[in-house]
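Novice: Listed below are the residues making up each chain.
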Amino acid sequence: MEELLKQIAHCVEFGKINQASPYPPDLKGKDGADELTKKALDQGATAEEILTNALIVGMGKVGVKFRENKVFVPQVLMSAKAMSAAMAHLKPLFASGAAKRKGTFIIGTVQGDLHDIGKNLVSMMVEGNGYEVIDLGVDVNADTFLTEAEKYPHAVIGLSALLTTTMVNMENIVNALKEKNPETKVCIGGAPVTQDFCNKINADLYSPDPQGLVEYLDKLAS
Amino acid sequence: MEELLKQIAHCVEFGKINQASPYPPDLKGKDGADELTKKALDQGATAEEILTNALIVGMGKVGVKFRENKVFVPQVLMSAKAMSAAMAHLKPLFASGAAKRKGTFIIGTVQGDLHDIGKNLVSMMVEGNGYEVIDLGVDVNADTFLTEAEKYPHAVIGLSALLTTTMVNMENIVNALKEKNPETKVCIGGAPVTQDFCNKINADLYSPDPQGLVEYLDKLAS
Amino acid sequence: MKFKKLAIESMEDLCFGTAPSPVTTRRGLIIGGGKVYPELNFTLPPMHINDDTFPDIKNQYREIVRAALQRGLELYSEGIVFEFETLIEMTKNPSYGVDIVKVMNEECENYFVKHGLKSEIRLTPNDLREFERPPKQRTSGYLDTMLELFEEGAKAGGDLLSIESTGGKEIFDDALMHCNIREIAFALNVLGVRDMQMLWEKIAGIADKQGKIAGGDTACGFGNTAMVLAEKKYIPKIFAAVVRIMTVSRTIVAIEQGAKGPDKDCGYEGAFLKAITGTPISMEGKTAACAHLSPLGNIAGACADLWSNESVQNIKLLADMAPTVYFEQLTYDTRLFNQAVSSGKSDILKLQKYMVESDMYLDPQAFILAPENVIKISAEIVKGSNHLDAAIKGALKGISLIEDAVSEGRLKSSEMEDAYIPVLKDELSSIPVSEDEFIAEMDSIIDKTKYIKEEYGL
Amino acid sequence: MKFKKLAIESMEDLCFGTAPSPVTTRRGLIIGGGKVYPELNFTLPPMHINDDTFPDIKNQYREIVRAALQRGLELYSEGIVFEFETLIEMTKNPSYGVDIVKVMNEECENYFVKHGLKSEIRLTPNDLREFERPPKQRTSGYLDTMLELFEEGAKAGGDLLSIESTGGKEIFDDALMHCNIREIAFALNVLGVRDMQMLWEKIAGIADKQGKIAGGDTACGFGNTAMVLAEKKYIPKIFAAVVRIMTVSRTIVAIEQGAKGPDKDCGYEGAFLKAITGTPISMEGKTAACAHLSPLGNIAGACADLWSNESVQNIKLLADMAPTVYFEQLTYDTRLFNQAVSSGKSDILKLQKYMVESDMYLDPQAFILAPENVIKISAEIVKGSNHLDAAIKGALKGISLIEDAVSEGRLKSSEMEDAYIPVLKDELSSIPVSEDEFIAEMDSIIDKTKYIKEEYGL
Ligand code: B12
Ligand code: B12
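Heads up: the sequence lines are chains A, B, C and D, in that order. Quick note, the first sequence lines up with residues 21 to 242 if you use our numbering. Quick note, the second sequence lines up with residues 21 to 242 if you use our numbering. Quick note, the third sequence lines up with residues 26 to 483 if you use our numbering. Quick note, the fourth sequence lines up with residues 26 to 483 if you use our numbering.
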């Protein structure tokens with residue numbers, strides 16, 4: 021089993037989605053994350069085991085390479101796809117409650133703002149680290165965040181903004197969320213955002229990059 | 021009398037301090053602000069009259085020329101000196117209560133800050149507009165402002181700061197002054213200061229230049 | 026492609042300050058007529074935009090413009106362009122945008138009448154259509170709102186009309202993150218081109234009707250997004266360089282539809298447009314570092330007619346408000362340009378050489394902007410049978426120039442980067458030259474929920 | 026005056042990048058050895074400095090330096106100087122200052138070891154003595170505190186030691202507002218000189234003991250105060266130009282006492298110091314507009330060896346933190362300088378010519394900085410029998426050059442400005458050449474409560 025999990029991790033790390041994927045060349049024609057995950061489940065691995073000991077491991081490795089500028093985003097996206105292929109098999113188990121994710125993360129770009137490249141990267145990284153991610157898209161107002169936060173009372177919320185005129189909307193959203201549930205943790209990011217601003221609007225975390233966010237989520241989860 | 025006051029105003033406008041002053045050449049050897057003011061008093065003019073209808077008029081004219089970049093600061097300083105020479109005769113009358121100034125203005129550069137060129141210009145302009153100015157110098161802490169404010173309960177306070185690390189001291193000072201006497205008006209200025217910052221620390225006025233301050237003081241006084 | 030040959034055929038004629046078809050503005054600035062002028066751009070500090078804050082906002086725009094004009098006077102400025110790029114609320118409520126143009130124009134007029142200082146306003150409404158996903162490029166009500174702002178803003182004093190149109194972005198963004206050059210070609214050179222054909226006909230029409238100048242477009246959201254991601258090392262620089270080249274046959278559509286220039290800053294395809302069409306252009310380099318870092322600081326100026334800072338917030342620096350500070354920096358940059366201009370052609374080429382050679386071998390994105398390469402690549406672009414073909418021809422030429430320079434050790438690169446050269450070549454070469462064929466192919470691949478074919482007349 | 030003749034005698038040899046006596050730093054930067062390097066300066070955003078905030082402050086300094094080094098790496102930087110000019114609290118509590126030097130040095134060392142990127146720290150404690158009025162230049166306890174920071178900061182990694190000393194400022198400020206050139210001569214060329222003789226002997230001693238480099242001083246508080254006031258139209262520009270010249274024989278004392286350069290930025294007397302002494306210098310121009318506007322944007326670079334931004338707060342701009350943005354701008358400026366350097370002497374002179382001629386005829390403060398004028402004025406300065414005489418000779422030469430240029434219509438001026446020419450000439454000519462005589466004269470004039478003679482050894 022250990023060997024199998026290692027193989028899955030390898031597939032995720034190198035973006036080998038399934039048998040049909042041409043990359044990486046040395047795995048051509050072989051099973052990918054898709055097939056191997058099914059096999060692991062069949063052989064009795066639990067969803068948590070696969071998630072923690074294979075998928076997150078693989079994503080972690082590619083994440084490190086990305087941080088060290090040894091791969092570009094497209095490679096990370098391939099890894100994310102391979103992970104998704106695997107997750108497709110695990111999701112029913114998580115949904116039924118038979119297995120548990122590390123936590124839930126709700127993210128969106130705030131009202132008036134359409135920039136989503138950064139937000140999408142954050143989603144991907146958080147998902148790759150074993151969290152369920154609910155991406156509300158762009159131009160998201162306080163109400164939508166509130167509704168989603170009610171659905172997932174333990175979820176951490178992430179707000180992204182790239183405009184100086186929309187970052188100020190973060191304040192309302194944080195207030196609304198905290199008023200409803202003072203325990204809700206709200207993380208903020210995007211190019212114009214600063215630690216100062218985070219303090220000012222009483223958000224719980226500012227991070228200039230996804231890594232800082234993941235560390236924070238892991239701390240909360242543990 | 022009107023003629024005499026006009027002459028005094030002229031002396032102030034052109035910086036003719038006294039008989040001995042060489043400038044302006046066309047008044048060489050003639051009486052200056054000093055002598056003429058004495059004469060006016062002797063002829064029965066009141067201190068208020070001289071202040072309002074001669075000194076402030078003269079300073080006003082040079083002030084306008086300065087604002088329009090038609091004279092440099094040294095000329096304004098000469099005018100201020102001429103005014104001071106005249107004031108020397110009026111001061112005893114104001115001090116005894118026999119006559120009244122437009123108001124009192126207390127100014128200082130805040131704690132930790134030694135920049136005083138801007139502050140000095142402000143003092144001079146305010147004084148030239150008929151106010152008593154108490155200049156506390158540089159590196160002035162909240163206690164000193166408090167003590168002086170107690171001595172002159174109706175005085176308006178001015179704070180100057182040129183450093184981003186000392187402008188933050190304005191907040192304490194404003195708080196201390198307002199706590200003691202919520203009616204105290206506090207004006208702030210200096211290169212790094214902004215309207216935003218003024219709003220944030222609850223000061224009453226920000227002005228980028230002495231003119232704005234004088235307008236404000238005049239409004240308060242009227 | 027309307028343009029079949031180059032307006033500037035030799036690199037010696039592709040210079041800053043002079044364009045074959047200069048543009049004369051209402052107050053008499055001649056852009057591309059010999060001198061380089063600063064184009065100052067600015068935006069609000071973090072704040073809300075609503076009726077309560079609007080008086081303050083108007084005042085901020087007035088003060089920014091006034092302070093720059095005042096400083097311009099002190100520095101003996103010979104001309105200034107102010108770009109007013111609207112923020113969303115100012116387009117959604119065109120009356121906001123129009124009011125701001127008015128106060129800006131009042132200041133410009135005041136300094137013109139009193140002091141003879143010439144300045145002009147470039148009005149750039151933002152493209153609201155991307156607020157709907159999938160966007161309705163032709164049927165959206167937003168389109169009318171944008172056009173209203175163009176029309177009323179022009180009347181209010183916006184003399185140069187521009188936009189950063191976003192047709193195809195709904196496909197482009199994802200494609201960029203995946204480095205999928207095929208989908209990028211579809212987004213830029215099929216969808217983007219078609220969208221611009223529709224949009225710029227209207228903008229040029231408004232300009233004509235109002236007696237104003239249709240400036241130009243820029244693929245900022247495409248080319249500069251690629252550059253910003255490459256600077257973050259998210260995608261290869263070589264890839265970003267290729268995307269830049271592919272923006273040319275998209276942005277050129279504005280000119281095909283009647284735009285006269287100056288082409289807008291915020292992208293770097295301007296250099297190619299100038300070579301191909303002869304219109305003057307606005308460029309931004311080191312003095313736009315306030316808005317984004319780049320590998321193009323000096324070389325970007327090689328053939329600029331306006332020199333811009335892209336955008337800076339209205340916040341206080343130690344010396345003064347940031348827009349005034351950046352205006353001063355731009356002014357000194359343009360003084361240097363114009364000093365060389367007044368010394369004659371060989372001096373223009375000298376200064377240009379320093380600017381070009383100091384950057385060109387350090388990054389492929391800079392390399393393709395060297396006048397000699399701009400000319401070579403442009404010459405391929407104009408051979409294209411259609412906009413798509415033009416983009417591919419240009420891109421392949423760019424790649425081959427980069428490849429040669431890398432292999433000869435002239436151009437800095439890395440293994441990670443170089444790996445993309447053969448991949449890009451293969452991918453690009455396999456794109457059908459026939460637009461119809463390509464459209465059919467992509468139709469079967471691209472997720473239909475992401476875009477609406479009909480909105481591009483497909 | 027120790028220097029009796031010029032180290033650089035012809036204007037062709039007064040160029041950027043090269044100084045007759047280059048300075049080699051610990052990590053191998055050769056300043057004045059052919060290339061121009063950026064000198065990045067920065068300060069804190071509005072905030073308190075105390076034990077509570079200090080961890081954050083230290084972190085800000087670390088991040089500023091790290092981000093610049095990282096960007097330097099990406100831009101293939103060949104060398105960087107960081108100036109750490111302390112804020113008051115960091116000098117009053119030298120341990121703050123020393124801790125900051127340490128974190129900065131850690132980052133420099135890290136990038137040097139890992140990537141070979143050479144950088145160095147210029148440590149500039151602020152002159153605390155002005156906190157007491159009248160200041161006790163020699164007997165103040167503050168002096169020991171400053172020297173402690175020099176010594177411990179040098180040990181911690183501050184390799185270039187500098188200061189903006191303020192001897193004589195207690196007289197100067199008022200004199201400047203009154204345009205009293207007589208008192209200014211006393212403040213700068215008697216008091217300032219004497220103070221620097223005392224102070225720089227100590228600083229050079231510390232540098233020697235610690236194996237560090239005594240950099241140099243600058244009369245920022247004098248010359249730049251005059252320039253800032255002239256920009257505000259508070260005093261005549263011609264007056265500010267004359268003050269600038271008079272700072273030369275003051276600031277040169279650092280070198281007489283053993284400083285080796287690079288002379289500090291924040292003043293523009295460096296150009297003259299380079300001509301006279303041959304030491305490399307740091308200058309600042311358009312890319313220091315963040316710190317102050319100026320009429321010297323391009324010309325300031327004519328003979329720079331380091332190119333500085335004077336100071337910018339650590340606040341966020343759209344692209345990145347302001348110090349990173351300004352680092353990028355400086356880097357592109359220096360790339361341009363160095364591109365000309367690598368093309369040879371005639372190209373250096375070409376680029377210099379554009380820089381010089383684009384500014385020199387628009388403002389007398391720029392005019393005196395043109396290399397030909399720097400040489401002419403410096404040649405007069407070295408004829409001075411003492412520092413006072415040198416200042417007057419230089420100033421008179423400067424005025425006569427300005428007068429000629431104005432009367433020939435080459436240099437922009439105004440009646441209001443020109444009126445000061447004869448006044449200044451008369452006043453300066455009437456100052457006694459004998460220092461003793463002048464001291465005696467001023468002794469009877471200057472308000473004794475304002476300064477303490479003994480603190481200047483008088
Ligand atoms: C790409 C881009 C666009 C694209 C957006 C495409 C898209 N789908 O996102 C397009 C062209 C559509 C666009 C449009 C506009 N843009 Co734009 N755009 C940019 C650009 C060039 C790059 C942004 C980017 O993607 N960066 C790369 C990503 C990966 O970085 P990032 O977003 O910062 O995200 C990282 C971190 O911040 C963090 N992060 C992000 N979110 C979160 C959230 C959390 C919780 C955490 C922890 C971390 C985190 O992690 C990410 C990964 O490292 C910037 C320039 C710049 N210097 O940034 C301008 C910029 C942001 N845009 C600007 C402007 C003005 C606009 C427009 C208003 C232009 C106009 N007038 O039309 C419109 C507005 C549209 C709208 N309503 O939002 C200005 C903003 C100025 C201002 N006042 O604030 C900028 C700065 C350009 C400039 N220099 O002037 N833009
Ligand atoms: C002159 C000067 C000095 C002189 C001061 C002489 C003096 N007696 O004032 C000297 C050399 C001593 C000096 C020292 C220092 N300085 Co200093 N200095 C300047 C400089 C060049 C000009 C300031 C000035 O006089 N301006 C002219 C006057 C007329 O303008 P103003 O002060 O703004 O005043 C006008 C308005 O603001 C307004 N106003 C002013 N006060 C008030 C008050 C009220 C109530 C109102 C309504 C209006 C108002 O009206 C005035 C007239 O129009 C500036 C550069 C700049 N760009 O401003 C740096 C500057 C302010 N100094 C700076 C620094 C860092 C310092 C030092 C810390 C340097 C050092 N490390 O040693 C020390 C600190 C000393 C101290 N503790 O204060 C930095 C500040 C950076 C920061 N972090 O904030 C600056 C910005 C220089 C720079 N670009 O880096 N400095």
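These aren't lab readings, by the way, just hints derived from the structure by calculation. Computed from a predicted structure; not experimentally measured. Even glycine gets a Cβ: it sits at the ideal position worked out from N, Cα and C. It is possible that some hints are incorrect.
[What the hints assert, rightly or not] For each label pair, taking beta carbons as the anchor points, the in silico distance ranges come out as: (1) ASP461(C) - ASN192(A): 45 to 55 angstroms; (2) LYS85(B) - GLN95(C): 10 to 20 angstroms; (3) GLU226(C) - LYS26(A): 25 to 35 angstroms.
Novice: The structure should be examined with respect to each hint, and the outcome stated for every one.
Specialist: Structure-based check of all given hints:
1. ASP461(C) - ASN192(A): 45 to 55 angstroms: Once the Cβ atoms are compared, 49 angstroms apart, the range 45 to 55 angstroms for ASN192(A) and ASP461(C) holds.
2. LYS85(B) - GLN95(C): 10 to 20 angstroms: 18 angstroms, holds
3. GLU226(C) - LYS26(A): 25 to 35 angstroms: Check failed, 60 angstroms falls outside 25 to 35 angstroms.
The structure fails to meet hint 3 from the earlier list, while all remaining hints are met.
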